[in-house]
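As they're listed, the protein sequences go chains A and B.
Numbering that gives the first Met the number 0 numbers the first residue of the first sequence as 0 and each following residue consecutively.
Numbering that gives the first Met the number 0 numbers the first residue of the second sequence as 0 and each following residue consecutively.
Possibly wrong hints are sitting among the right ones.
To be verified - Computed, partial: chain A to chain B, Cβ under 7 Å: (1) P108; (2) G173; (3) G174; (4) L199; (5) H200.
Worth flagging that the hints you see were computed from the coordinates, not collected in a lab.
Just so you know, even glycine gets a beta-carbon here, dropped at the ideal spot from N, CA and C.
One letter stands for each residue in the lines below.
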Amino acid sequence: MTGLAATAVSSVCLPRMAWAASGSGPTPTIYVVHGSDPGRMLAAGIARLGGWKSFVKPRQNVVLKLNAAWASLPEQGGNTSPALVECCIQECLRSGAAEVVVPEKSCSPTKDAFERSGIGAAVKRSGGRMYSPERHHFQRVAIPRGVKLKEADVVRDVLEAPCLINMPVAKSHGGSTLTLSMKNWMGSVSDRGYWHAHNLHQCIADFSTFIKPSFIVVDALRIMTTNGPQGPGKLAYPNQLIFGMDPVAVDAYAATLFGKQPFDVLYIKLAHDMGIGCGDLKQVQVVHMDA
Amino acid sequence: MHHQRTILRIGILALAAIVSAQVFPLFSGVVILPAASPLLAICAAIAARSVSLVSLIGLPLLVLALVRGRWFCHHLCPTGCLLIWVGKLLRRHHFRMQRFPVFGLGLCLVMLGSALAGFPLLLNLDPLVQFNGFFSIWRSTDWTWMAGLPGLGLIMLILITLIWPHLWCERICPLGALQALLGISGRFGRNVIGRKPVPQPAVSDTPVCPGSFSAPAGRGVAGRRMFLVLVFGAGLGWVLRRVGATDLGSAGPIRPPGTVAEPVLWGLCSRCGSCMRTCPENIIIPDLGTGGPGSWLTPRLDFSQRYCNEWCRLCTGACPTGAIGRLSLEAKRALSIGTARVDRTRCLAWNEAQYCMVCHEFCSYQAVRIVEHNGVNCPEVDEALCRGCGACQSHCPAEPVRAIMVHAREQASLVAKPDKSRLPTIFVPFKRD
Numbered sequence: 000m001t002g003l004a005a006t007a008v009s010s011v012c013l014p015r016m017a018w019a020a021s022g023s024g025p026t027p028t029i030y031v032v033h034g035s036d037p038g039r040m041l042a043a044g045i046a047r048l049g050g051w052k053s054f055v056k057p058r059q060n061v062v063l064k065l066n067a068a069w070a071s072l073p074e075q076g077g078n079t080s081p082a083l084v085e086c087c088i089q090e091c092l093r094s095g096a097a098e099v100v101v102p103e104k105s106c107s108p109t110k111d112a113f114e115r116s117g118i119g120a121a122v123k124r125s126g127g128r129m130y131s132p133e134r135h136h137f138q139r140v141a142i143p144r145g146v147k148l149k150e151a152d153v154v155r156d157v158l159e160a161p162c163l164i165n166m167p168v169a170k171s172h173g174g175s176t177l178t179l180s181m182k183n184w185m186g187s188v189s190d191r192g193y194w195h196a197h198n199l200h201q202c203i204a205d206f207s208t209f210i211k212p213s214f215i216v217v218d219a220l221r222i223m224t225t226n227g228p229q230g231p232g233k234l235a236y237p238n239q240l241i242f243g244m245d246p247v248a249v250d251a252y253a254a255t256l257f258g259k260q261p262f263d264v265l266y267i268k269l270a271h272d273m274g275i276g277c278g279d280l281k282q283v284q285v286v287h288m289d290a
Numbered sequence: 000m001h002h003q004r005t006i007l008r009i010g011i012l013a014l015a016a017i018v019s020a021q022v023f024p025l026f027s028g029v030v031i032l033p034a035a036s037p038l039l040a041i042c043a044a045i046a047a048r049s050v051s052l053v054s055l056i057g058l059p060l061l062v063l064a065l066v067r068g069r070w071f072c073h074h075l076c077p078t079g080c081l082l083i084w085v086g087k088l089l090r091r092h093h094f095r096m097q098r099f100p101v102f103g104l105g106l107c108l109v110m111l112g113s114a115l116a117g118f119p120l121l122l123n124l125d126p127l128v129q130f131n132g133f134f135s136i137w138r139s140t141d142w143t144w145m146a147g148l149p150g151l152g153l154i155m156l157i158l159i160t161l162i163w164p165h166l167w168c169e170r171i172c173p174l175g176a177l178q179a180l181l182g183i184s185g186r187f188g189r190n191v192i193g194r195k196p197v198p199q200p201a202v203s204d205t206p207v208c209p210g211s212f213s214a215p216a217g218r219g220v221a222g223r224r225m226f227l228v229l230v231f232g233a234g235l236g237w238v239l240r241r242v243g244a245t246d247l248g249s250a251g252p253i254r255p256p257g258t259v260a261e262p263v264l265w266g267l268c269s270r271c272g273s274c275m276r277t278c279p280e281n282i283i284i285p286d287l288g289t290g291g292p293g294s295w296l297t298p299r300l301d302f303s304q305r306y307c308n309e310w311c312r313l314c315t316g317a318c319p320t321g322a323i324g325r326l327s328l329e330a331k332r333a334l335s336i337g338t339a340r341v342d343r344t345r346c347l348a349w350n351e352a353q354y355c356m357v358c359h360e361f362c363s364y365q366a367v368r369i370v371e372h373n374g375v376n377c378p379e380v381d382e383a384l385c386r387g388c389g390a391c392q393s394h395c396p397a398e399p400v401r402a403i404m405v406h407a408r409e410q411a412s413l414v415a416k417p418d419k420s421r422l423p424t425i426f427v428p429f430k431r432d
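Whole structure, please, built from the sequences with the hints as guidance.
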């Protein structure tokens, strides 16, 4: 039963995976937008990726996977910037999306996390719908290429999204070294404990063999360099947004903002070796621009 | 007249149920019903040697009792209204009420006496506490049988009333006895004990009107006996407080933030269940004796699924007796209620070299330090920062026993001068020991 559902779901995901792979071409390209206004930076980055119209189809849902895990304030860098979230949802709706759905399984109690992060209010203001997934929102899927993670309960909206945006915040992490785009999916599964107990880095890489977002925007406006993921910790201000289709390349670049080599982060190395994407920045075309 | 009274009683019942079931949740709303009892307020104030804001909620009924004696019992008491109807169900009025002595007066005096000794006993017998305990259990989000325990009192009262109608209100209820007592001392007291013996029929064949105590002896004898019972209560409280003072140390139960120290809690807690009902995380559960014999049904924290949220202080505003003191959010966040300890033999990082650190991830207070061991990050608890909130324990993926567990400690603030942020006590004639 679950196997059947899983096959059906993965067949939904497969075309997008193929598309994403072909879209990034032989040498993956990532776009690093420098600036101070999240709205303009977002617009500039998306324009380089092909524009909103190429991702958001009229009258179809957009699912936004951001990071609103902690009951910490926007300036503390524990969660995605609410200003960025607001701009993104507004743009999606302007491009004809039927609804922007924001499922987030927070770590802190949901109410506090959504309120204190400012994201609950930002989503509401911009017309999206945010919710904390309950048991009935999850669907068990098989992860055929997983080494440690063979199956997972994933939020159904994430699985079925016609347009899936991954919008993590870059920050340090006690267990996984850094929280970047691949790590961000832990907020869409029900049993995070299993990942932690069964080689966290391998599970993070395994899940990225399966989940293929339409595109990735990493919030690196301010990054928490110590005491992550919850903080409060020391902050640095790269004032960047990182856009791309290849999660490994995006994460590899984001790792350098913390003064690390990409392969210092074990899951980037594992994902690179598994062929999920390219974590070797010499083979990645990094395009810097200002907005 | 009869209809008016019925309508009034239905209204009272509905209102009390709405308040205690927290239909319209307010901060501290759950405290209103039990705190309205003057008996609880007096005992708590005597025991604490101070009058808190919450005990003022009992003032109106105190004044009412001084003026009108037991008028409250059959007009306003929700438990009384309920029991009067239950008593009518079986139409068994033909039992000899006279055979039963007025336990209530004795109970009330024992409660007051033990409160003088700083260790109030039997607070749970207050009818408003019983009522609140039953109706507030429906507030629980995850209903477990443990959450239902504070509701058993009212069910017991109903069973007693089914066997002996009116017995509770007439003879046992200590709140009723207190009001009768206050009614005598009040100038306009209506219920006159001792001044003029009230003749009672040997068999009461009409629904007995609560509020008609008859004292067999004259005022002087009654007064002497009452004093002796009061002294007995004080002695009992003094002895039980010392007997109960077993120091379990870190093996004891973890209490909600702001809870008074251990043996005092056993007396001061009225077991009304308000704190358990008000906790949004449902981590406050009734203790079933892990904290010693007197700890039965007192609140204890269970971190097996969830933890005490940094930004919540609801339980500190839910206690009618001050067994859990009111704390400002700042004071609550600074308060350490326990200390986490890592068991390295079970820890996935220490023992299996897993990249885990869930405890570090969830700690809101930076109390989990990272130590590198065998090339992976391993957790170590900084006891000077640990608040004992249980976030680490509730999320630890080690199975079947968690590798990081919170152990009890004496509650203490981890920042200097926390008392400034405590909400004010109105009147403190004595320093509390």
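To see whether the hints hold, each was checked on the structure:
1. P108: holds (5 Å)
2. G173: Given a least distance of 4 Å, the restraint on A/G173 holds.
3. G174: holds (4 Å)
4. L199: A/L199 check passes; min Cβ-Cβ to chain B is 4 Å, inside 7 Å.
5. H200: Nearest chain B Cβ about 6 Å off; hint holds.
Hint compliance for this structure: every hint is met.
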